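Starting from the given sequences, assemble the full structure and let the hints guide the process.
Just so you know, the sequences run in chain order A and B. When the letters of the first sequence are read in order and numbered with this note's numbering, they come out as residues 1 to 119. When the letters of the second sequence are read in order and numbered with this note's numbering, they come out as residues 1 to 202.
FYI, nobody ran anything at the bench for these hints, they're computed from the structure. For clarity, every value in this text was computed on a predicted model and none was experimentally measured. Glycine is no exception: its CB is placed at the ideal position from the N, C-alpha and C atoms. Check before you lean on any hint, since a few could be wrong.
[Stated by the list, open to error] Label pairs and their in silico Cβ distance ranges:
1. B:Gly158 / A:Thr51: 12 to 20 Å
2. B:Ala145 / A:Asn70: 33 to 41 Å
3. B:Thr95 / A:Gly83: 45 to 53 Å
[Stated by the list, open to error] Straight line, CA to CA, 30 Å or less: simulated DSSO-like cross-link-like pairs of lysine-lysine:
4. B:Lys148 / B:Lys100
5. A:Lys47 / B:Lys157
6. A:Lys41 / B:Lys117
7. A:Lys54 / B:Lys41
8. B:Lys155 / A:Lys47
9. B:Lys55 / A:Lys54
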Amino acid sequence: MDTLYAQRCFNCHGANGRGDGPMAALLPVLPPDFRDTVQRKSNPQIKRLITDGKGVMPAFEPALSQSEINDMLQMVRFLSREGRDISWWENFDALVAAHCSIPWEAVLGYDDPPEEKKP
Amino acid sequence: MRVRRGWHVCAVALLVNSLSFALAATPAPAPQSFTQRREVKLAIDDFILTDQSGKAFRFNQLSGKVVLVGFAYTTCPDVCPLLTAAIRQVQSRLTGTERKDVQLLTITTDPEIDVPKVLAGYAKRYGADLDNWAFLTGEEKKLRAVWKNFGVGVKRKGRGLIDHTPLTAIVDRRGFLRVAYVGPSPEVRLVLGDLRSFLADR
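See the structure below:
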């Protein structure tokens, strides 16, 4: 999800969705701050912007699958909250991968959960 | 068991969530317009591509006009929006008389995505006046010849993701490529000055 954002959105919308990506200042119109705009829009409205584009923003529908567009929507929604940035996902992915690699059943003794003993 | 494992994932998520508030936002680097302007003299061969309405578009029909050509693709998340926006600004600053003698072209670097209908939507979003601006696509084989003639390198990285030379170029009334702007954002004032000097050259 963060890769999708990094590839397609970051240049203009920036790491935290404030519209301060490396290309933003060169655009004829500054990209919006997600904290102002996304919070006020419904999911279908945001999806329409992603699929159809607006002004200099590309219409991504021809290039992306519906699941990728949904992922992009979730990322945009996530970044619209105060204090969030794209690095959250990078850290989150690494931590979830680390968490899932631990054999919790063995560590915590979940091999015989009570519900499985019921007749 | 599933519930307990879910609890662990939630705990990790909450931990990371709280950490995220402590992460400082990475400041974006200062914007730079590092577009180079090069004067050249290179003959452009005739080609036939397809415009945004699906009609055949022949380059040689523009003979006698000064042509401003930009290479871009519609789903580009990089420099193409800057490049097309610059051409749009050039168009809006041309006088009525100049528009009759100047043709603007945007040639796609991604024919897989940029079919005529997609190009028509792109033109509309930029508010392009199609009287003297055409958006061209075609078979990849034909486009490759055009890209090569203009010196544009194109490399597909993924669906709707293309690396390409960010070229905007002026072709004079005799069909020679005369000025090449290589970079994300050609300066509109400079492009207009060059166009006008070639318009004066009859």
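Verification of the hints:
1. B:Gly158 / A:Thr51: 12 to 20 Å: Holds - the Cβ-Cβ distance for Gly158 of chain B and Thr51 of chain A, about 18 Å, lies within 12 to 20 Å.
2. B:Ala145 / A:Asn70: 33 to 41 Å: Cβ of Ala145 of chain B to Cβ of Asn70 of chain A: about 39 Å, so the range 33 to 41 Å holds.
3. B:Thr95 / A:Gly83: 45 to 53 Å: At roughly 51 Å between Cβ atoms, Gly83 of chain A and Thr95 of chain B fall inside 45 to 53 Å, so the hint holds.
4. B:Lys148 / B:Lys100: 28 Å, holds
5. A:Lys47 / B:Lys157: 24 Å, holds
6. A:Lys41 / B:Lys117: Holds, at about 28 Å.
7. A:Lys54 / B:Lys41: Given pair Lys54 of chain A, Lys41 of chain B is violated - Cα atoms ~37 Å apart, limit 30 Å.
8. B:Lys155 / A:Lys47: 29 Å, holds
9. B:Lys55 / A:Lys54: 26 Å, holds
The structure shown violates just one earlier hint, number 7.
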